[in-house]
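Given chain A's structure and the hints, the job is docking chain B onto it.
Protein chains: 2
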Amino acid sequence: MANDDFKGCWPVAPTPFKPNGEIDKEGMKRVIDCMVDQQVDGICILANYSEQFLLSDEEREILTRLCIEHVDGRVPVITTVSHFSTDIAFLRAKLVKELGGEMLMMMPPYHGALMKGSPQQTFEQFAKVGEVGVTIMVQDAPLSGIDLPVPLLIKMAKEIEMVKCFKIECAQAAAKLRVLVNEGGDFIEGPFDGEEGITLFADLEAGATGNMSSAMIPDLIRPIVLDYLGGNSQKSENQYNHILPLINYENRQCGFRATKVVMKEGGVINSDFCRHPIPDLEENTKKGLINLVKNYNPIALQWGK
Amino acid sequence: MANDDFKGCWPVAPTPFKPNGEIDKEGMKRVIDCMVDQQVDGICILANYSEQFLLSDEEREILTRLCIEHVDGRVPVITTVSHFSTDIAFLRAKLVKELGGEMLMMMPPYHGALMKGSPQQTFEQFAKVGEVGVTIMVQDAPLSGIDLPVPLLIKMAKEIEMVKCFKIECAQAAAKLRVLVNEGGDFIEGPFDGEEGITLFADLEAGATGNMSSAMIPDLIRPIVLDYLGGNSQKSENQYNHILPLINYENRQCGFRATKVVMKEGGVINSDFCRHPIPDLEENTKKGLINLVKNYNPIALQWGK
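Protein chains in written order, with this note's numbering: chain A, 6 to 310; chain B, 6 to 310.
Please note that the accuracy of each hint is not assured.
Where chains are identical, the list cannot tell them apart; a pair therefore holds if satisfied intra-copy or between any two copies.
Claimed, not checked - List time: in silico BS3-like cross-link candidates among lysine-lysine, alpha-carbon distance up to 25 Å:
1. Lys292 / Lys12
2. Lys133 / Lys23
3. Lys99 / Lys160
4. Lys291 / Lys163
5. Lys291 / Lys121
6. Lys12 / Lys310
7. Lys99 / Lys121
Hints in this document: simulated from the structure, not taken from any laboratory.
Just so we're clear, the structure is a prediction, and the values are computed from it rather than from any experiment.
If we strip away everything but chain A, and leave its shape as in the complex, we get (with noise of 0.2 Å):
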């Protein structure tokens, strides 16, 4: 993939469960093909918006088969790949590269509060698992717990060749991605916003070139994207004002079960059923998103009608 394919829109997919808790493979190819006629330009699966901390590894390997075949290059799926072993990250990255897998996604080596990898170990990680030969975005989020400075990250993209793109969604995410932008030049080939776009404008104009949202309303993300790229900021800011009510609504009361509640509102899929122990949205919430994302009446939300 050349530098110029990592831009625009690139959002998770979320996992569909059955009301009894197994994986809807059905409704994961369903939530796929209304993901390509968002006119998406990748999807990420196996994400923590696809509550990859929910699923058992056999459960990973069925949906990484599943997403993969059933996309058949429509768009590059991106897969994410993230564990606290390099050999297990390693193998889960084998298993891309031989179904024809695009891109990987990994978060540095964690588990729990307490393990969390040096930047030394980072790095191998990450070089180690770009011997697989599939592009690789680091995945810079809270949730790993590890704070990954500015000199690892463009360290790592200028010695190990897979490494390219970057989805920052740190605390302060634009006032980072503007000096790995600034400082890691050319070898920065991807550098994206993340977190459901809630930091998208700010990190649009610190150079972030894509955006990882959730697949809530990619449809109305990708042209503030595009125009953003395109020259035009002030349109871009303007579709940006006039849906971030929407997105700070998903972002700090739902959470990543926002895209599954309006995936079931427009009849993407059956069931919003959330694994234990994450309880469902709570009745009001999910009405109030229900309510405020009609006024915007994304592809999400007519798709299954």
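Only chain B this time, still in chain A's reference frame:
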């Protein structure tokens, strides 16, 4: 199991790897046989000291089967089944039940630095896993990042039949154990000390009846517990003070790598290989550990010679 059973020394078995990173199944059996010869009162598998965070789901299942089958009832086996997903912890517990395993150990639901089960979610997860019908030891360890208040632990002990044992290895463990035992009374059937025994004597004074150390020197730790429980606290304290330099070195300089270094030196296993990103124990630290442990000549240092 009756109340009287939750006494003595129930160490964690380390998970041996071959130099190529694979699980050393024959080595695992030898670890278990060595531990039986150490006259342990029980064996805990897949704990943090067993490097559970570096194992795949499939490897966990292989080790669960292998260990329970190889122990073959010689001592009770405690199998760790922690997972953020309640369904996955439940399925792991069901496997233990099918195999005839005697006990389960679980941390509260956690993932990474930020996903932390609330008291309600934690209670519900233990209640669900309790339905399997195997005795549960609650592991109160800093790795989860979750504070477990004493009233929650007592509620779990009173309302979830299978929750009987509590391994307290948070900061100031003894103070917590004392309140737990005093306020929980007979519902706290097995109050346990943990973390390599670094707080063992204070924990015994606080009411611990059992200890879950590593498998490095349980032959030296068990008499400390039994003497204390038998009313001979001075003898217990003298022995504790005698081995404390070694426990301190293990706990603060080596962590979960110590037992495999000693067991390799003692011919129990062939390799003390660490899976990436965990580095090998630094050579001088390794030598320091071996020199120190030679002063005590525990079974693990002689077993395979």
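Right, here's what the structure says about each hint:
no., hint, verdict
1, Lys292 / Lys12, "neither (33 Å within a copy, 53 Å between copies)"
2, Lys133 / Lys23, "between (36 Å within a copy, 19 Å between copies)"
3, Lys99 / Lys160, "within (24 Å within a copy, 46 Å between copies)"
4, Lys291 / Lys163, "neither (45 Å within a copy, 35 Å between copies)"
5, Lys291 / Lys121, "between (35 Å within a copy, 22 Å between copies)"
6, Lys12 / Lys310, "neither (30 Å within a copy, 62 Å between copies)"
7, Lys99 / Lys121, "within (24 Å within a copy, 31 Å between copies)"
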